[in-house]
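There are 4 protein chains.
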Amino acid sequence: MGRAHSNAYRQAPHFFDLPYELDCRLLCGRNRETLEKTAATWGWSEISTDWREAVTRRDIDLVDIAAPNALHAPIAIAAAEAGKMVLCEKPLATSAEEGARMVEAARAVPNFVWFNYRRIPAVALCRQLIEEGRIGRVFHYRATYLQEWGNDPSRPLGWKTSRADAGSGVLGDLLSHLVDTALWLNGPISEISSLLHTFAPGRDVDDAALLLARFANGSIGSFEATRYAVGYANRNAFAIHGERGMLRFNLEEMNWLEFADAAAPRNLRGISRIPVASPHFWKPGHPIGYEHTFIAALADFLFALSRGEAAHPTFADGQQTGLVLDAAARSAVARASVPVLT
Amino acid sequence: MGRAHSNAYRQAPHFFDLPYELDCRLLCGRNRETLEKTAATWGWSEISTDWREAVTRRDIDLVDIAAPNALHAPIAIAAAEAGKMVLCEKPLATSAEEGARMVEAARAVPNFVWFNYRRIPAVALCRQLIEEGRIGRVFHYRATYLQEWGNDPSRPLGWKTSRADAGSGVLGDLLSHLVDTALWLNGPISEISSLLHTFAPGRDVDDAALLLARFANGSIGSFEATRYAVGYANRNAFAIHGERGMLRFNLEEMNWLEFADAAAPRNLRGISRIPVASPHFWKPGHPIGYEHTFIAALADFLFALSRGEAAHPTFADGQQTGLVLDAAARSAVARASVPVLT
Amino acid sequence: MGRAHSNAYRQAPHFFDLPYELDCRLLCGRNRETLEKTAATWGWSEISTDWREAVTRRDIDLVDIAAPNALHAPIAIAAAEAGKMVLCEKPLATSAEEGARMVEAARAVPNFVWFNYRRIPAVALCRQLIEEGRIGRVFHYRATYLQEWGNDPSRPLGWKTSRADAGSGVLGDLLSHLVDTALWLNGPISEISSLLHTFAPGRDVDDAALLLARFANGSIGSFEATRYAVGYANRNAFAIHGERGMLRFNLEEMNWLEFADAAAPRNLRGISRIPVASPHFWKPGHPIGYEHTFIAALADFLFALSRGEAAHPTFADGQQTGLVLDAAARSAVARASVPVLT
Amino acid sequence: MGRAHSNAYRQAPHFFDLPYELDCRLLCGRNRETLEKTAATWGWSEISTDWREAVTRRDIDLVDIAAPNALHAPIAIAAAEAGKMVLCEKPLATSAEEGARMVEAARAVPNFVWFNYRRIPAVALCRQLIEEGRIGRVFHYRATYLQEWGNDPSRPLGWKTSRADAGSGVLGDLLSHLVDTALWLNGPISEISSLLHTFAPGRDVDDAALLLARFANGSIGSFEATRYAVGYANRNAFAIHGERGMLRFNLEEMNWLEFADAAAPRNLRGISRIPVASPHFWKPGHPIGYEHTFIAALADFLFALSRGEAAHPTFADGQQTGLVLDAAARSAVARASVPVLT
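Keeping their order, the protein sequence lines are chains Y, A, V and B.
The first sequence: position 55 = 55 (my numbering), numbered continuously.
The second sequence: position 24 = 24 (my numbering), numbered continuously.
The third sequence: position 245 = 245 (my numbering), numbered continuously.
The fourth sequence: position 44 = 44 (my numbering), numbered continuously.
Do not rely on the hints blindly, as some may be mistaken.
A pair holds if it fits inside one copy or across any two, identical chains being indistinguishable in the list.
Distance condition first, Cα-Cα at most 20 Å in a straight line; then the derived SDA-like pairs of lysine to any residue [what the hints assert, rightly or not]:
(1) K283 / D17
(2) K37 / M1
(3) K37 / R307
(4) K37 / L18
(5) K160 / G136
Hints listed in this document are in silico derivations from the structure and should not be mistaken for laboratory results.
The following block holds chain Y by itself, in its conformation from the complex (with noise of 0.2 Å):
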């Protein structure tokens, strides 16, 4: 992730014409050696084995969190506290209790949820398509992300899977994608009913999180995230259908949006594969990728400083995900249907 964000702060100039320019002041982390080779890759003028540094120093504007989800709360509230923007790695918090603390504490500054996925120009395009009405009232919502390392032996466990870490496993990781993705296109969640399962022996955290959903607008929905779906490395796929047509967005083709318009004439009606360009990027046909997501989403915050705005998801839209997760754990440990509570 450090490497993700630190391309999108050299590549941001490149392809925006910023309202800022950038610095890359001090990078922060454990190990002195990864550090050291970090910075020198990727530009940052400093490095710090105590994240308080960034928090502490008068001449850093904005911390950007891309730490263990255990740690995004300590530091998002220093940094929020000495008056710097606080840019978080997904989920924002390790619980919703932890979430409105960070809500709370970031009031005063500007903030922003690294949830990149809504930066991809297909689903940015979707969202456009849905309030344009080209779907009408909503009946189905389903989404799925679906991973398969949790099946590999070999790999290495990392701070993923520990709670004391992660909070969660899939609930925040794949999970809190999904959810936010949901809110974004199709409004508020009222009421989940939730299975979450570990496969692995002496895991404390859910390997698999599968929710059946009710939608505030009246539209019912299923989410599953898993690491043991055999066969996909990262399938981030999820479909609406409406009275008026289905969209349909898939991250491995992530270059393209699928719309079936009901309507087209009753012979012509079918599945149209969208090929969606960034005007940023590059021209129609030509392909980006994953760290484009990150690079977009920087430029967006940039521009919605400049104007004065939020950029979205914000600290409070993260925490509206965070509710979701919340209602998930509470419904698998009761094996009812629960709230979402606001």
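Could you slot chains A, V and B onto chain Y? The hints should help.
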């Protein structure tokens, strides 16, 4: 359905060297004019507007039921008690209690439920690969049956949207297919959470059903059946992820099965799209269609009969599916997880 | 082929309200045992090992030829001269000269060539969309017919790899299909460059044929037919690009047509995958297969007959395809571009 | 192109541990305003409106040419004669004669042609699998480069449609890519038949090029490059069929390679879609895009340089492609098959 069954009786002898000669004796239905036309087209010798005639005549050995769901039990029980073999359209019954009585009544006669999709060559290959251990221990099962006609205001409402005739909406109509396949491929389901929804005002059956499931083998699953998935005419799809691989199928591409072999060399790991042909119909590369599932099912029933064996799914198998549907209905009311009764 | 034709005679009355009653009177072939078995299975009243019996008997109105290519001309000419209607498998003839004689002989009788793929509903829709001007002036036509069995050493060599029986290899077997469709969809071809190749040592027919073409309408095209396209059992595909859009088809997905509408709003421009069903067979979303193309072709012939019209492709149409194949053969020898004779 | 190259110089040190430090010294072009803006954005130290400055300055070691095709030869020859390393955009030259002079001039200096698509990880894997013998003896090679902008009347005509600037139309622009990849994957081409066509009235370059080819290894191939393939923004695709399998690639899905293994067990034979990631960029499942091909090409050049080796394609490789283009041009005029000169 009468057409699909009639076609099966006509075509099975053309593609299979059957152990019996078939004689299409009596076609029953409600409308005499329709009966006359259908009988003339498909070569039924006689017609009747009273199904009891099929049950009471001594020159009839087998009764095949393609009537609305609410008639399954009375016809099947009467036929079985009269010593006839009974083939019944899915879902077996409109309730678990009714299904139990049908199983009981049909104990002494050969019986079969028309879950035709088991006979898709690609689905049969899927089952075989699972039995060969190709995907190993199963983690995830995911199935969706997506139709859109619920959203078509121009479509006349038939018996499928009436609780009195159909017993349920998508539960019996679509979810039953998914569950039959799931039980066949992945074994018993022990626990269910569900969400049922009716989109059409005033309709007394479910238009959409979402399920979360725990299977007896430790895997977890999700199911979605709906008539409001605008964009899909008839998409019946499933994916199964195990520790050694993934299998995926979609009725829209029914001549193909997809297989990800996790045991393949690392740099060749992918999802293989395998064309699957039946040895009984046309050569590889010459697609078969919807009707061939009925032809092959009938042939399998007749071959099993000649060997003195049961052809699956039997009424008892159909009742297992019925018990899952029953759990789905109960869970939706309870808004909580419920066990599948056995 | 005998099986596909027999099936058409059996099935056409089930799906179409035909203007004639069909009576499958006499099945001819070389092997008495095979004939007896096939006649019993498919309900042919009589058999004969001499095709001349079909031509000379007065109780026979129509002769349908599914024999090896070299027999097409003698049977068709004899049948036509005896006043029988003649249906002939593709390719019409083994040479342009032979084809010309067949056209001449059949002038006074209803005649038809079994280019069955014209009857795929998706291909028929393609033709309709072109006629409606949906893609405008055509720029490019591209078609490939890819099979792999030439590379299978375990496969017994049949008459299709013998020049004496087949007249040619893929030219008549596969390329003829592509050319018939191309002429139907895009009009006459005026000029051809070709490359023919035989991979198998000692074989006297072409295993692969590549063509470049100029159409009379100003568009240009390429064609490839081969039995050495390892990876494809039977892939017959084409794409047509016009100033207003693109149409694309692939036999492997024969229930779908793809359409790119260049007149769509810029941000919705994509390739639409349209499910195409036939009103005569099953409901939308219920796939049809290979055999339905023969059923529909036979029905079309019979309906045209009842109206006193020709059903296409006639022998004259088949001869147009033959003249393109003739040009392909000449160009390959000349290693130069040649005109298509008319 | 200047942007894609500038990006490569900026990004290569971030993803590769390069053996050299890069210093972007002088940006040359025709328009001072554009130069100033581009230099500021991408960090070029100086600008010049005279490319000769790059050739004559002693503090410049490497000249990278992204100018219109007609300038490739004069710049490259001057740079090479001044002892500079030369990197040149494709096509190498506007004629075979010009290309020969460039090869001659660059004999003593490291040189490279930017056929960037060789560096797509999926294409590199394709080459590796061929070298491992995975598809065995090759039968067929098929490649298409399909664009649609020729049909867009709103698009301003640039140097690419002027013979004086570009030397040719799609021959140099698109076909050159296909040929470079083909020569790399399948070896030399010995004979060509071609058809060139210009759709736009008054344009003096080819809008479309169709080729048939014989390769030295006994396989046969077809190529199509066009700017009138309405429906495709930028589809660069190929398939190779050998006796043991098939390999297939499409730039629209550049993170995937498809492989049909004819040696797989009969009932598992299919086309496998393999996700291919680069170890240098992001983790598996995180797509890369167009620009990464340039970054990887530059890195390869620099690593080869540090080892005293040539990076491919060199000017000499580029000239092999040029000789195929030359044959294509000659064949089109002759309307006959011609040999590729060597």
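From the Cα coordinates, with 20 Å as the cut-off, is the pair K283 and D17 best called within, between, both, or neither? Cα proximity of K283 and D17: one copy only (17 Å, versus 29 Å across).
Within, between, both or neither: how does the pair K37, L18 come out at a Cα-Cα threshold of 20 Å? Cα proximity of K37 and L18: across copies only (13 Å, versus 28 Å in one copy).
Within, between, both or neither: how does the pair K160, G136 come out at a Cα-Cα threshold of 20 Å? The answer is neither: 39 Å in one copy and 26 Å across copies each exceed 20 Å.
20 Å Cα threshold - placement of R307 relative to K37: neither (36 Å within a copy, 24 Å between copies)
Regarding K37 and M1, is the shortest C-alpha distance of 20 Å or less found within a copy, between copies, in both, or in neither? For K37 and M1, only the intra-copy Cα distance (15 Å) is at most 20 Å; the inter-copy one is 31 Å.
The structure fails to meet hints 3, 5 from the earlier list, while all remaining hints are met.
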